[in-house]
Amino acid sequence: MIDLHNHSLYSYDSKRKMEDIVIEGISKDLDILGFSDHLDFNKNDPGNMFYKGKNQLEEFSFLKKKYSQKIKLFLGIESSYEKDYEDKIISSFKKFPFDYKIVSLHFVDGVVISDWIVNLEKDKKSIFEVDYEKYFIQLESIVDFKIFNILGHIDYYKKYSKFTNHRETFKRYQNYYERILRKVIKNGNILEINSSGLRHKCKEQFPSVEILKLYKDLGGEIVSTGSDSHKTGDIAFGFDRIQNIIKDFKFKVYKP
Numbered sequence: 001m002i003d004l005h006n007h008s009l010y011s012y013d014s015k016r017k018m019e020d021i022v023i024e025g026i027s028k029d030l031d032i033l034g035f036s037d038h039l040d041f042n043k044n045d046p047g048n049m050f051y052k053g054k055n056q057l058e059e060f061s062f063l064k065k066k067y068s069q070k071i072k073l074f075l076g077i078e079s080s081y082e083k084d085y086e087d088k089i090i091s092s093f094k095k096f097p098f099d100y101k102i103v104s105l106h107f108v109d110g111v112v113i114s115d116w117i118v119n120l121e122k123d124k125k126s127i128f129e130v131d132y133e134k135y136f137i138q139l140e141s142i143v144d145f146k147i148f149n150i151l152g153h154i155d156y157y158k159k160y161s162k163f164t165n166h167r168e169t170f171k172r173y174q175n176y177y178e179r180i181l182r183k184v185i186k187n188g189n190i191l192e193i194n195s196s197g198l199r200h201k202c203k204e205q206f207p208s209v210e211i212l213k214l215y216k217d218l219g220g221e222i223v224s225t226g227s228d229s230h231k232t233g234d235i236a237f238g239f240d241r242i243q244n245i246i247k248d249f250k251f252k253v254y255k256p
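Numbering (UniProt numbering), first residue to last: 1 to 256.
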């Protein structure tokens, strides 16, 4: 099994030591484990400028050698893409020898997505009353960026939504999904299957089966797998379901 989406104390929202993550990964019988700590620049982000790449690279190199006979380790990064910070993201990507780069949408109109969704859905009694289009417009701008390997948790808004029937959202914005996925495939990028949604109210991985089917129908063949773990016990969470999905769609799994 491969889990490429894990956060350590080099992310502002995790307190786990890198070595503890490695040990848990071994206990979960992972073949490959990747670190993907946050690299963020939005001034409203509590993780703004938090990342210490030089320190992590030194620790990672030590652990990679120490555990080389038990597990394969890779050093990735997860960056919140916003056009205003594109130059800083590119500069940081070039500064460190990351094995892979995840780019995700965590902000809409400069507002962290958890707050944006709550405000958007406030006083709405039905999912049909909510206009999520700005999310998809900004998501599409990510795939135009191109300087990354993996598109993270494509339907991440579900995590914070008070509504659960997002099959309707998929139908309404399917044209956006189709354009985005076509670009992912054309650019040689990789769609992430992120199991963290199974730990939250939506009780579903990111992306949904409907999105994965569309990806497959458009010619998508390869996915990455990640648990988006931040705390002990979350590594490879829900991977039994993820493995079944991969088998059903006959996807290949990305290896750095």
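Don't read these hints as lab results, they were simulated from the structure. Check each hint, because a few of them may be wrong.
Stated by the list, open to error - Derived Cβ-Cβ restraints for the label pairs, each shown as a range:
{"hint": "1", "residue 1": "252", "residue 2": "146", "range": "36 to 42 Å"}
{"hint": "2", "residue 1": "248", "residue 2": "48", "range": "36 to 42 Å"}
{"hint": "3", "residue 1": "203", "residue 2": "84", "range": "17 to 23 Å"}
{"hint": "4", "residue 1": "247", "residue 2": "84", "range": "16 to 22 Å"}
{"hint": "5", "residue 1": "31", "residue 2": "248", "range": "28 to 34 Å"}
{"hint": "6", "residue 1": "240", "residue 2": "125", "range": "15 to 21 Å"}
{"hint": "7", "residue 1": "186", "residue 2": "84", "range": "24 to 30 Å"}
{"hint": "8", "residue 1": "72", "residue 2": "164", "range": "24 to 30 Å"}
{"hint": "9", "residue 1": "15", "residue 2": "129", "range": "24 to 30 Å"}
{"hint": "10", "residue 1": "48", "residue 2": "187", "range": "26 to 32 Å"}
{"hint": "11", "residue 1": "230", "residue 2": "164", "range": "30 to 36 Å"}
{"hint": "12", "residue 1": "137", "residue 2": "50", "range": "33 to 39 Å"}
Stated by the list, open to error - Below, simulated DMTMM-like cross-link-like pairs (lysine to aspartate or glutamate); rule was C-alpha separation at most 25 Å, straight line:
{"hint": "13", "residue 1": "43", "residue 2": "123"}
{"hint": "14", "residue 1": "162", "residue 2": "248"}
{"hint": "15", "residue 1": "83", "residue 2": "115"}
Think of the CB as a built atom: it goes at the ideal place given N, C-alpha and C, for glycine as much as any other residue.
Practice task
Compare the structure with the hints numbered earlier in the document and write down the numbers of the violated ones, lowest to highest.
Solution key: 1, 3, 4, 5, 6, 8, 9, 11, 12, 13 and 14
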